[in-house]
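J.: Chain by chain, the residues:
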Amino acid sequence: MSSVRVLVGTRKGAFVLTSDGKRDDWAVSGPHFPGWEIYHVKASPADPDRVFASQSSGWFGQVIQRSDDGGRTWAPVGSEFSYDGPAGTHQWYDGTPHPWEFARVWHLEPSLGDPDTVYAGVEDAGLFRSADGGQHWQELPGLRGHQTGPSWQPGAGGMCLHTIILDGSAPGRMFTAISAAGAFRSDDAGETWRPVNQGLKSEGIPDPKAEVGHCVHRLAMHPARPDVLYMQKHWDVMRSDDAGDSWHEVSGNLPTDFGFPIDVHAHEPDTVYVVPITSDSHHFPPEGKLRVYRSRTGGDDWEPLTRGLPQQHCYVNVLRDAMAVDSLDSCGVYFGTTGGQVYGSADAGDTWAPIVRDLPAVLSVEVQTLP
Amino acid sequence: MIRVVLPAHLRTLARIAGEVKLDVAGPVTQRSVLDALEASYPVLRGTIRDRDDGRRRAMVRFFACQEDLSHEPPDDPLPEAVTTGAEPYLIVGAMAGG
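Protein sequences appear in the order of chains A and B.
End of the first sequence = 371 in this note's numbering, gap-free, step of one.
End of the second sequence = 1098 in this note's numbering, gap-free, step of one.
These aren't lab readings, by the way, just hints derived from the structure by calculation.
From the three backbone atoms N, C-alpha and C, an ideal C-beta is built for every residue, glycine too.
Hints may be right or wrong, so weigh each one.
Cβ-to-Cβ under 10 Å is the rule here; a few derived chain B residues that face chain A [claimed, not checked]:
1) L1013
2) I1016
3) S1040
4) V1043
5) G1046
6) T1047
7) D1050
8) R1051
9) D1052
10) R1057
11) A1058
12) M1059
13) G1093
14) A1094
15) A1096
Derived lysine to any residue pairs resembling SDA-like cross-links, with alpha carbons at most 20 Å apart [said to hold, decoys possible]:
16) A/K201 with A/D242
17) A/K289 with A/G308
18) A/K12 with B/T1012
19) A/K22 with A/G308
20) A/K12 with A/D358
21) A/K12 with B/H1009
22) A/K12 with B/A1094
23) A/K289 with A/E366
24) A/K289 with A/G339
25) A/K12 with A/G339
26) B/K1021 with B/E1038
27) B/K1021 with B/F1063
28) A/K209 with A/D241
29) A/K289 with A/T256
30) A/K12 with B/A1008
31) A/K12 with B/A1096
32) A/K12 with B/G1093
33) A/K209 with A/Q312
34) A/K12 with B/E1038
35) A/K12 with B/K1021
36) A/K12 with B/P1007
37) A/K12 with B/M1095
38) A/K22 with A/D329
39) A/K12 with B/G1085
40) B/K1021 with B/D1052
Kindly generate the complete structure, drawing on both the sequences and the hints.
T.: In structure tokens, the structure reads:
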């Protein structure tokens, strides 16, 4: 029988939640790396027992951990992230030049086919790759070195590269997103990049054709239809039908189009999930009701999913990397909150139940579907 | 034999129970002690001081013999009580945050 492993990164450690395919009885292990911030935990699609974790601390810096037994035991691997060549400058919050400084790894994206290759998205925004299971990291400098780099500015959470999507159908094609520079695409395995932000409109950016400067919160893609991308921007839910060359808004009837995560159903490329958040100054759900919104039409037409979720006095947030889906026949959807709950739905969002209620603030959620 | 006390998070990371005992060749300074510590426990590289320029991380402090050595030159000799092992060299995470 298939099983599911949910990998949870929190402000104070990592947790591994496991269940059989029924997804109604969960075992919880952790905290792994207690007391450390775990921005992301993700497993290799090529070797499900190989799991990478980004462990960091304001005191002691960055550590990368690797497990080769599905998250039961861990060992630190390489944690040296040195920018390639002169660091250069980006813009600081006040518009002055500021040198690129490594802060932490936000996102780890293992290769689709090689368990030894993994990508890391870091703050200040840069893309790194390891080809030896995380022991050594080299920057792919074409992204940070893009001609627009000196004009990139940090978002409120720092200038982070938080999204990496590998397109398995097109050799060499990958997408990244940076707050607050925007979305980028490479068609040559990360050697060169171009901004793909046409159609995005952001308050404070008067130029409608601005190449960069947009605060993209998250991108999502269904592997069976890789030219269609979905985006949760600071404000606005967006869709591209041409691999990012152009975007149009699909916020439709959402109660607010501010939010962080966005994800796509495992078997239905037109079924999309978001968690609307009141505003950029009120990082909690509208009316204190925690609602996932689902569109079965690729956007514009959204329905609230509330069964099993708190519908009063709920003032948590759901961060950008904290939603994921499994690939069982009845698609499971999972998300974690800043209040420490991880909710799961075994029926594509129709009903929800908490898997755990009292973890530290959840930073990331990833899911593995195991045979 | 130099005794080094690490903060709990770094003991866990390096899988160290209790104090670290190090043999340090040559003059016993903050730099030579940290060099020996990192040679014995490579996972600690970058967690106490910058990998490239050796600067102390902002929220790490160094103490010995009731003295704050955090701002002392890294090549100054450590107190004799540290060099004899009578007193430990303390690496401390700053008390800040939650």
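J.: Which numbered hints turn out to be false for this structure?
T.: 2, 3, 23, 33, 34, 35, 39, 40
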